[in-house]
Amino acid sequence: EDKVVQSPLSLVVHEGDTVTLNCSYEVTNFRSLLWYKQEKKAPTFLFMLTSSGIEKKSGRLSSILDKKELSSILNITATQTGDSAIYLCAVLKTSYDKVIFGPGTSLSVIP
Amino acid sequence: ETGVTQSPTHLIKTRGQQVTLRCSSQSGHNTVSWYQQALGQGPQFIFQYYREEENGRGNFPPRFSGLQFPNYSSELNVNALELDDSALYLCASSFDGPYYEQYFGPGTRLTVT
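Just so you know, the sequences run in chain order Z and A.
For the first sequence, the residue numbers in our numbering are 858 to 968.
For the second sequence, the residue numbers in our numbering are 9 to 121.
Just so you know, the hints here were simulated from the structure itself, not pulled from any lab data.
Note that the Cβ used here is the ideal one computed from N, Cα and C, for glycine as well.
A few of these clues could be false.
If we take Cβ atoms under 8 Å as the criterion, some of the chain Z residues that face chain A in the derived model are [said to hold, decoys possible]:
(1) Lys898
(2) Ala899
(3) Val956
(4) Ile957
(5) Phe958
(6) Gly959
Sample of chain A residues with no beta-carbon within 12 Å of chain Z, all distances over it, derived [said to hold, decoys possible]:
(7) Leu19
(8) Gly36
(9) Asn85
(10) Thr121
Produce the complete structure using the sequences and hints provided.
Written out as structure tokens, the structure reads:
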């Protein structure tokens, strides 16, 4: 059965800290891995990763995929209180008809 | 904010009743996916509609059904509601399948008592 696992499930850090969120997957017919940020209700898209070893960056956020280890990390540097959210990892299969989400990591950034 | 809208925002139903949730996709998008997100969990894929046809389904029973209309808006229908159906229901629209960015709506919070 397809599975996406995230760790840690929750995390509390101080402003300015750097955090690393982990995602691992066991999925047949993998196509790409996606990261989303969910603050109140609607998840918002952060990154899509298809090729192994290529880092995607957006400001203080970056992510990389390791297809050999079936995993990905999301890094956030110089965290701010506005980074407090649930970070969701999801895998898209080659059949294009299903997106499998992990349970999410709840990040709290305190001043 | 995305251009995806959902209605209603909140809903309270009694076990055994039926419910219809609605989603208007972002302009230009022809694919709508529905997800159920229970408290403290990630979204679970229910099904996807592409150009008015169901194009993939997750592990949900047949009492979860849907429709997509010619303007690509969509409905999720749930019959014989159970307490475990209480969740946030999210729809997401995209162009030609969930290849890239899915734009999520704000969700409908369903409570079944």
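Going down the list of hints, with the structure as the test:
1. Because the smallest distance between the Cβ of Lys898 (chain Z) and any Cβ of chain A comes to about 4 Å, under 8 Å, the interface hint for this residue holds.
2. Contact between Ala899 (chain Z) and chain A, as hinted, is supported at the beta carbon level, the nearest pair being about 4 Å apart and thus within 8 Å.
3. Look at Val956 (chain Z): its Cβ gets to within about 5 Å of chain A, closer than 8 Å, so that hint holds up.
4. The closest approach between the C-beta of Ile957 (chain Z) and any C-beta of chain A is roughly 7 Å, which is under the 8 Å cut-off, so the hint is satisfied.
5. Checking Phe958 (chain Z) against chain A: minimum C-beta separation of about 4 Å stays under 8 Å; hint holds.
6. For Gly959 (chain Z), the shortest C-beta to C-beta distance to chain A is roughly 5 Å, which falls under 8 Å, so the interface hint holds.
7. No beta-carbon of chain Z is positioned within 12 Å of the beta-carbon of Leu19 (chain A); the least distance is around 14 Å.
8. Every CB of chain Z lies more than 12 Å from the CB of Gly36 (chain A), the least distance being 16 Å, so the non-interface label holds.
9. No Cβ of chain Z approaches the Cβ of Asn85 (chain A) within 12 Å, the least distance being about 20 Å, so the stated non-interface status holds.
10. Its beta-carbon lying about 21 Å from the closest one in chain Z, Thr121 (chain A) satisfies the requirement of being farther than 12 Å from that chain.
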